[in-house]
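Engineer: One letter stands for each residue in the lines below.
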Amino acid sequence: MLTLSHLRKTYGAHVAVDDLSLHIRAGEVFGLLGPNGAGKSTTVSMAVGLLSPDAGTVDIGGQGAPTQPEVRRLLGVAPQSLAIYEDLSAEENLRFFARMFGLSGAALRTRVDAALALADLQDRRKDAASTFSGGMKRRLNIAAAMVHDPKLLLLDEPTVGVDPQSRNAILERIEAMRAEGRTVIYTTHYMEEAARICDRVAIIDHGKVLAVDTVANLIAAHGGDPLLTVTTSDGPEQIRTRDPVGDLARVAAGRTVLDFRLDRADLEQVFLNLTGRTLRD
Amino acid sequence: MQALLALAGKDLMLLRRNRGHLFFTFVWPLVAALFFGTVFGGGGDDNGKITVRVVDEDQTPASAQLIAAVGRMEGVETTPATREAGLDAVRHSKAAAVVIAPKGYGDAAERLFYGAPPEIELWVDPSRKAEAAMLEGQLMGASMERMQTLFQGGDAAAKQVDRAIADAAGLPDGGDATLVKFLGEVKTFVGGRPPASAAPAPAEAGAAKSGGWEPVSVHRHEVQDETRGPRSGFEVAFPQGVLWGMLGCALGFALSLVTERSRGTLARLRTSPLTRTHVLAGKALACFVALLGVQALLFTIGAVAFRVIPSSVPMLVAGCVSLAAAFVGIMMVVAVLARSEQSAGGLAWAVFLPLSMVGGGMVPLFAMPAWMQAAGNFSPVKWGILALEGAIWRGFTWADMTLPCGILVAVGVLCFSVGARLFARTEA
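Those sequence lines, one after another, are chains E and V. Residues 1 to 281 in this note's numbering are what the first sequence lists, from first letter to last. Residues 1 to 428 in this note's numbering are what the second sequence lists, from first letter to last.
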């Protein structure tokens, strides 16, 4: 659905994206995971045609680069900032953005209703966006990206600054999109979100792709062995192990086990192992 | 096209919902126009009265009665003058009209119910149609005073009826017996004696038909106001107010483009199938419509409430369109150069204030020293005010309008091109 080939973007001496290549398949939810400043938003901006790469190419759906207006019809973008008009109502916002993609008449009304339903804003459709909570604005921001029924949806940090309830609502909607077979690119620095909704994840740092795979495979390849923590009468002990039951039995031999815990590796651990620092550094 | 209209419609809707932008676009310019219009001297006629020069060329009791009646008209202030002095006063905006009782007025006024009616000449500037119609109506009313005087009786009335009877009897084909009889009854009514004999009719009376008689005939003539100065302070203040409205409106739209950039809506628009040109054209169209709206509103209020009447409406429209084009271009450059709302505000005032100062936005152009007027040549504000004033009171011809309108359109096109080019570069 989206192919990025050897993308490079610099700002003066700073290299924001460095020889980045990715292939996103149709129908998958693909996560771009990395800390702030890793190059995620720059990559997305080049993918949707907002930025011109210094080198490399972008191809969407085999139809070419997003510099062509017709190719951009395939795209829906929810920027990290709340790209909505606060003085317009939810419905007016959606109608306006739908018109930008050439929708009109009955098709426009149907799509606006569907987008309002997706954002769960039917009851507030006539209210100005300025009266909405942060979570509602985020949902409207996503609905505005969805209103023209795009094949490829790019969501740039869509859960930043929202409460847990709204975050969960947004993630549920993205899971629903995956069920519909829509292709979604999702940038985040919340690893638990990526682990929950992404079919595959690319871990990015300093503008480079460090690893791309399913969450399970990434953990298996880069997370290291599970960590067994056993507290005995002699005190706590931590062991990296591929055989936790055998190792627990070995530690318990001749001692009283007061407590034990097994921690499997997660994406945070994967990132730490790949970069030597945590996602929130 | 649908997207372009939707873009413009969205911006106009946002303008309607932004009270600050709305105030500085529509209300503030009106306040400024009213304030400066009052400071500059308000209306051209004192006490709101129409200044009329009255000329008595006949020097008869009837003409004196007419002149006195005009002096008693409500809302009219009269000054005696000669024909030439009166016409000069209109030519130089010192009077709205001249009323002349020409030679023969008194003679014609003596005739009752027959012959050519007494003529009154009314000379007005063609742009003052309302005043002309009002004066014409009041002159008809004033002529009726003469009839009232007649029917109040007395020796003068009796003499007038005697003369009328003599004239009627001398009409062609043996005179008008019915009219003679009627006049006899009139004479009885006004208290005189019955007619004794008939006198020969004057030539002019014989030429008229008694059936078409009217009490007075007002002949309206046009005399062009040749003044090159404003007829009132409001004619200076309204173009200035319009300029302030344009500044407020253009600044608001410049800010809105910057806000779109900082909020991310511009990025969203750019990921739609629209081109950059579409996005800019939509913003420009909305700005253009709003700018025309400001001008239409202010000039309508000016015309209805403050008698700011353009000498040429088509020229005023041309001036307004050219001015709007220039400010759309200026808005575009400011919007593209500014990186934040704060910098847009600062940049806009840094650009607009000097342009306005040297361009006549604060002090009327004609009141500026020569060097400042020369410096104003570099300000589109000057050409804007000149175009508007040219259509209102400077008496410009189409040839005169070409220069200011051409410069304004050129500024608009140039600034829009530069803005579009910079926009393409900064958004790349």
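Hints listed in this document are in silico derivations from the structure and should not be mistaken for laboratory results. One should not assume that every hint holds.
Label-pair distances were calculated between CB atoms; the ranges are [stated by the list, open to error]:
hint, chain 1, residue 1, chain 2, residue 2, range
1, V, 339, E, 221, 42 to 50 Å
2, V, 39, E, 114, 54 to 62 Å
3, V, 340, E, 127, 25 to 33 Å
4, V, 49, E, 127, 53 to 61 Å
5, V, 340, E, 14, 16 to 24 Å
6, E, 127, V, 399, 33 to 41 Å
7, E, 127, V, 276, 13 to 21 Å
8, V, 424, E, 274, 50 to 58 Å
Selected chain V positions facing chain E (Cβ under 8 Å, derived; list incomplete) [as the list claims (entries may be wrong)]:
hint, residue
9, 18
10, 21
11, 91
12, 271
Every residue, glycine too, gets a C-beta built ideally from N, C-alpha and C.
Engineer: Check each numbered hint against the structure and report the violated ones by number, ascending.
Structural biologist: 6, 7, 8, 10, 11
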